[in-house]
Amino acid sequence: MKPLLELRGLGVCYNGAVAPALEGVDLDLAAGERLAIIGESGSGKSTLARAISGLLPQTARLQGTVAWPGLDHPARNGRDIGFVFQDPASSLDPVMSVGDQVAEVAHANLDIDWGAARRLAVELLDRVKLPEPEALARAYPHQLSGGQKQRVVIAAAIVACPKLLIADEATSALDTIVQAEIVALIRRFVAEDGMALLFVSHDIALAANLADRIAVFRHGRMVEMAATAELLARPRSDYSRALLAAHLGLKAHSGASR
Amino acid sequence: MSLSRLFRTPEAAAGLVILGLLVAMAVAAPWLFPRDPLAIAGQPLLPPFQDWALPLGTDRLGRDVVAGLFHGARTSLAVGLAAAAASILVGSIVGTVAGFAGGLVDEVLMRITDAFQTVPGFLLSLALVSVVGPSLSVVVAAIALSAWTGPTRIARAEVLSIRERDYVASARVIGMHPVEIAFREVLPNALPPVLALSSVIVAAAILTEAALSFLGLGDPNRVTWGGMIAEGRAVLRSAPYLSVIPGIALVLSVLGVYLAGEGVVEGTAAREGQA
Amino acid sequence: MNRAWGLLKRRLIGSIPVLLIVVVGSFLLLEAAPGDAVDAYVASVGGDAGMIEALRTSWGLDASPMTRLAAYLWALLHLDLGHSVAFSRPVLDVVLERLPNTLLLMGAATALSFALGTTLGILAGARPGSARDRLLSIGSLALYAVPGFWLALVLTIVFSVELRWLPLSGMETIASGKTGIARMLDIARHMVLPVTSLGLIYLALYLRMMRAGMAEVWRMDFTLAARARGIPRRRIVLAHVARNALLPLVTMLSLQSAQMLGGSVVIESVFSVPGLGRLAQEAVGSRDTPLLIGIILVSAFLVIVINLLVDIAYAVLDPRVGASEVKA
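Residue numbers (full-length UniProt numbering), protein chains in the order written: chain A, 1 to 258; chain X, 1 to 275; chain D, 1 to 328.
The hints are simulated quantities; they were obtained by calculation from the structure and are not laboratory data.
Ideal Cβ positions, reconstructed from N, Cα and C, are used throughout, including at glycine.
Take the hints with a grain of salt, since some may be wrong.
Selected chain D positions facing chain X (in silico; Cβ < 7 angstroms) [said to hold, decoys possible]:
| id | residue |
| --- | --- |
| 1 | L143 |
| 2 | A145 |
| 3 | V146 |
| 4 | Q281 |
Could you build the full structure based on these sequences and the hints that come with them?
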């Protein structure tokens, strides 16, 4: 079966930077597959997410290819790719009601009129488990909590039923309890809608919880990629081992303090 | 800041060249045109480019237009710089006191600032000149009276953010007098953003002076570009150049001040960006 | 609307001390001017030394400065702005007669400069750094350096003297007997040059602010997020970037109202538009200080009213304004 997404020798160099942000990445993603990209800041994981969705600054230089064998056309943002950013507060327009911000995605990508788009937006707000979606659609971002805002962002990302959902550190600006809720939400939608998921995170535990496969990135290169269970049990690279050890150490520490 | 950085963009370079010319004209005026520019120099209403001794012609009374331009540059620059300096000085002091003292003092000073911003500045200048009588220093004071509020607000905002910083706290700890802290530690650090505004203030002051003298409220003993434009109005149909020429000088000067000011601000920002 | 109302109430209360300071300031200016209200009154109406003395006593001008200030305030509360020397009439009557013309001029100039300035600013800011952007920003800077009164003269030379397309001066054709739409068109023709001369400098200002504001909004994450959601560029520019960049311009609108009133003095003088600004120049010319101060007071009041209107408009445009107060 053809993969949904196929990266070959993908490299990115930002204008003025000495070292490339991303180098020689080969990667396949099957339809409906859940892949986690793990790495510290500066590992190139966010650059990868943006390169896939064509959101790099114009001055960035791109090498290699991003192909979509699973689609019969080039991927379009919103319609084929849904994107959830790290900070829900800054990824919503502060002076537009949240309902309209979901509706405009539906209007732009689904060829439906504004009335239908607004009704669909309310449905979506209900699906992401926001209370009183009718009233909430008329609220503005500043009236919502961080977790509620991220639910709105997810609603906007999936309203056009994309084939791939990219979550770029989608939970790291939230506190632990809200984080778990958002992860559960993402897990459910990926299962229900059959979307593929690219889950970009620095948190290996969170990733392991959600993904079928994990790719570990460091200094713009892919260090290793394996099925989740395989990587957790038998990490091949020293770096993956160190990441795991650091996490286990933390876990042991927090377990002891409880 | 190196000169090459100031000349970074063609706009900034053009601004500095214009500004340089303006200063040169102002400085050279008494040497190049030692005669009183208000005195009659030749036949009246001589068009430009007719007589090499009077290259830009003469006005209704036979006064030399070029001599007027040079001496007018002197007035424009002097009034512009003096009024801007006065408003920045008053503004930084009032802003520093308001921001540093806080409480009732701040409240009172800011309401006064509000009141000055509520009254149309040009009407205020007009009223002052009309009540006290036109002279160069009154015009400067009148312009400053309507321009000090901008620097005040910026200085106050800056002082509010500086007030809580470490070096101010340490000055408090070593027992420095509050007034000393305000003017030796806080004010100098609050100045740069105020000075970044200075080109806009100078330009506005030049324009206000021109408007005042256009209405006949400039110092009657000095040549001003605004006055020359007003003088040319009477013969607008037959000799439009009399109003157009000093106007072009005015536009170029103001443009030069803006461009140079923007160049300096951008140059400074670039330097800070590199640091 | 609750939000806007709460804000309005707070601003109204806040403007009382400001107005008081303006009144005290104008009282001081009146005191500094040579001659007093009685001199002004007698100069226009006439009267002998005995009457002058009687008037001084009855108007309380021989009292202490504090008593006189109180009397001045009391008179203002009764809308008595004093007596104009030059017109031999109450100041308020003269001012109110001229006010509509200035409001028309200012309103039209504001509409023109705001509409055109923001539109051109959006064109420039839609693609920062493009050739169109550079051209518009240099052009606007040049325009920003042009003094309104000189522009007025140049436009007059071109359009009234040379081309003879537009009338030279005045508010309408005198004794034309025109009524209704014909009269409105006549006034519109007369206002073209004054409105353009007054508005162009602000057009440049709004263009520059809009452009700078849009450049700032482009750097915000939600524009990238909108691209990631497949929103067409045209809609991103208009509904998100321009919409957000418009907010500071609305604030500027109230700051500019005072400046524009000042600017109307020269423009009205050039075109002989019988408005407040020309009245101010006439007051200066005839040394009519009470009239001049009256104009300043009415202008300040007008600016406060405009500020309140702009505040309401801002509260409608920005859902974040006053939000904390409603919650509390």
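**Request:** Have a go at the Q281(D) hint: is there a Cβ in chain X nearer than 7 angstroms to its own Cβ?
**Result:** holds (6 angstroms)
**Item:** Hint validity - V146(D) Cβ closer than 7 angstroms to any chain X Cβ
**Value:** holds (5 angstroms)
**Asked** Is the shortest C-beta separation between A145(D) and chain X less than 7 angstroms?
**Response** With Cβ-Cβ at 4 angstroms, under 7 angstroms, it holds.
**Request:** Answer holds if the nearest beta-carbon of chain X is closer than 7 angstroms to that of L143(D); otherwise answer violated.
**Result:** violated (10 angstroms)
Violation of the numbered hints given earlier is confined to hint 1; every other hint is satisfied by the structure.
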